[in-house]
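Let chain A serve as the given structure and place chain B on it in line with the hints.
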Amino acid sequence: MAGLSERDLIKRCRRGDDRAFAQLVDHYKNMVLTIIDRMILDKSLLEDLAQEVFLRVYKGLPQFRGRSKLSTWIYRITYNVCLAEIGSTDNRPNVLPLDSTSGEEATWRLAGTQEDAETWLAKLELKEAIGRFLDRLPPQYRMVIALYYLEGTSYREIAEIMKLPMGTVKTYLHRAKKYLRNMIVEEGGKEWIARTA
Amino acid sequence: MDCKDCLSLLSDYVDGALSGDFLPDIETHLARCPRCSFELSLLRKIDDALRAQRLKRASAGFTERLMERLPAAGRPVRTPALWDRPWLIGWGVGVPMSGVLLIYFRDEVRSFLLQLSSNMAHNIEDVVASALSWLGGLSPPPFPSVSPQIVLTASLTVSAIFMAWSFRLVARALTALRG
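Protein chains in written order, with the working numbering: chain A, 1 to 197; chain B, 1001 to 1179.
Only chain A is shown next, with the shape it has when bound in the complex (with noise of 0.2 Å):
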């Protein structure tokens, strides 16, 4: 949104204009799509629901009282169309629970001593793979984990989005992390063994 304020340009797009409003997809499209990819499963709907989002968004503008920022009120749009989503389609992860056995004591268990597990957590590649334990969370923690670290939200404002208190946006958080950390101990530690067998 180069050269124009958020208020400048939900004024134009609230009159009709729609290069304003072609402007604000621009802004906001990857988020958007980022974030329809972290909630749901099947990759090929990605931008059929971010084009949905939008035109909630297009729709909705005249009622935007401005209360929020523009972009929790987008968020929240995303979040609800991808809600309604999962809940039409049978798309919902297998999720490992939290007191599965793969906590800590998993991790010493798998690798041995102090010294395999470090050579293990040295080894350890994630950047690539950590899309694939994403995707196994429940919807509501990958919702936080996409806004938190790729769009550098706030807890408050994730509360906003979500409409949850922001002490259950902290636990999320620390859930998620602690579920992605049992899964690639799990996974990661299997497969390093097999490897070094």
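Since the hints were made in silico from the structure, they are not lab data. All values derive from a computational prediction rather than experimental measurement. Fair warning: there could be bad hints in the mix.
Unchecked claim - Quick list of in silico lysine-lysine cross-link-like pairs, DSS-like style, CA-CA up to 30 Å:
(1) A:Lys69 x B:Lys1056
(2) A:Lys59 x A:Lys163
(3) A:Lys170 x B:Lys1045
(4) A:Lys11 x A:Lys69
Just chain B now, kept in the frame of chain A:
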């Protein structure tokens, strides 16, 4: 601090969200506990991987395809809030309020308006008489007397319009201030 306490605080420690009271304890524990220190390294690795994720890129022509769909979606219609309709606030508040005021002060208002209308009638009579005499010495017709009911109705209408417009102006100013 034991391992259980340390592990429960690690996520906040990595996020930099841990309060200063716990910092010395957790750092002392991490320095001497290889197991918790390993967990810290693992958590940092997860954190780095999450931060390293890239934004998904929309395909070329995404915006153009969307813009083509807008006419079919229909021009958005704004359902204005009450606050965004100053004329409604103006009339909704102004008319009942002027009615209440006029009923409460009806005697004072009636005598004032009767006096006013009588003076106005005399003035108009004088003007008409002067004009007719100037035109050729014609005598003026008798001026109709004004009934109190007509005066009260007229004053109610005038004050309602005045108050409605006043409230409308205030509502418009407040709406403009809200942006």
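Status of each hint after checking the structure:
For the suggested pair A:Lys69 and B:Lys1056, the alpha carbons sit about 22 Å apart, so the restraint of at most 30 Å is met. With a C-alpha separation of about 22 Å, the suggested pair A:Lys59 and A:Lys163 falls inside the 30 Å cut-off, and the hint holds. For a cut-off of 30 Å, the pair hint linking A:Lys170 to B:Lys1045 stands: about 19 Å separates their Cα positions. Distance hint between A:Lys11 and A:Lys69 is fulfilled; the C-alpha atoms sit about 14 Å from each other, no more than 30 Å.
Taken one by one, the earlier hints all hold for this structure without exception.
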